[in-house]
Amino acid sequence: MSGLDVSQVRSLLEQAQKGAAGKSNATPAQDFADLLAETSQKQRGAEKAFEDYAVAGKGELHDVMAQMAKADVAFRFLLEVRNKLTDAYQEISRIQV
Amino acid sequence: MSEPLSFQVFDITASALAAERTRLAVIAQNIANSEVTKAANGQPYRRQRVQFEGVLAQEVARRGKGQGSLPAGGIRAIVGDAPGDFQRVRDPGHKDADKDGWVQKPNVNVVEEMVDMIDASRTYEANLSALRTWKQMLSRTLEMTR
Numbered sequence: 001m002s003g004l005d006v007s008q009v010r011s012l013l014e015q016a017q018k019g020a021a022g023k024s025n026a027t028p029a030q031d032f033a034d035l036l037a038e039t040s041q042k043q044r045g046a047e048k049a050f051e052d053y054a055v056a057g058k059g060e061l062h063d064v065m066a067q068m069a070k071a072d073v074a075f076r077f078l079l080e081v082r083n084k085l086t087d088a089y090q091e092i093s094r095i096q097v
Numbered sequence: 001m002s003e004p005l006s007f008q009v010f011d012i013t014a015s016a017l018a019a020e021r022t023r024l025a026v027i028a029q030n031i032a033n034s035e036v037t038k039a040a041n042g043q044p045y046r047r048q049r050v051q052f053e054g055v056l057a058q059e060v061a062r063r064g065k066g067q068g069s070l071p072a073g074g075i076r077a078i079v080g081d082a083p084g085d086f087q088r089v090r091d092p093g094h095k096d097a098d099k100d101g102w103v104q105k106p107n108v109n110v111v112e113e114m115v116d117m118i119d120a121s122r123t124y125e126a127n128l129s130a131l132r133t134w135k136q137m138l139s140r141t142l143e144m145t146r
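Which chain is which? The protein sequence lines are Z and E, in order. Taken in order, the first sequence gives residues 1 to 97; the numbers are from our numbering. Taken in order, the second sequence gives residues 1 to 146; the numbers are from our numbering.
Honestly, the hints are just simulated from the structure, not real lab data. All the pointers check out, no bait thrown in.
Mimicking PhoX-like on lysine-lysine, the simulated pairs with C-alpha atoms at most 25 Å apart in a straight line are: (1) Z:K84 - Z:K42; (2) E:K38 - E:K95; (3) E:K105 - E:K38; (4) E:K99 - E:K38; (5) E:K135 - Z:K42; (6) Z:K48 - E:K135; (7) Z:K58 - Z:K48; (8) E:K135 - Z:K84; (9) Z:K42 - Z:K58.
Start from the sequences and build out the full structure, keeping to the hints where you can.
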């Protein structure tokens, strides 16, 4: 880690703050809620494709599998983000006052 | 809002799988009808063939990706009549024989259909492999933070 000095870190931080300011009143919690909604939408898509195929007899098998694969990846991404968030929270809660 | 590439890949592969399934259905139809001397139009069965067409980004942009439409970069199968003369076989007494005893048979060559079938099946597998590999890559990426 030779190439990273403090000024670079500062400029990165400033960029990140600008990025966050660009979105109106977006908090990490709000971002997470958006991600949750999007993941849930993917799961509903997979569920609908499954129902259409298995119950209504519409659509194709590979479409169902593709939708399920999408929902699977989206959900595992959500899990990773949640793990990271809870890790950060626990780290902070361990700070001695 | 369009989906990120990570998810578009699934749709692209799904469109290819759909096209290969259409192709296999058409091959099955050709083999099943390879001895049909009189189809609905009174002629012998004409071999159907599948051709593939790419779905262009512009078209998706124009139509929007509504229900049933395909993703940019995906493909679709187009089914049409295959050119070629009907086979002529001498078979007096056949129900569709002409007055000289010649029967017209479909322009289907079952050997060609079998080769096509292998191609369709292998291409289907290749698309599935692409999808499996893509999923593995995504999984590995998710492990980045661990």
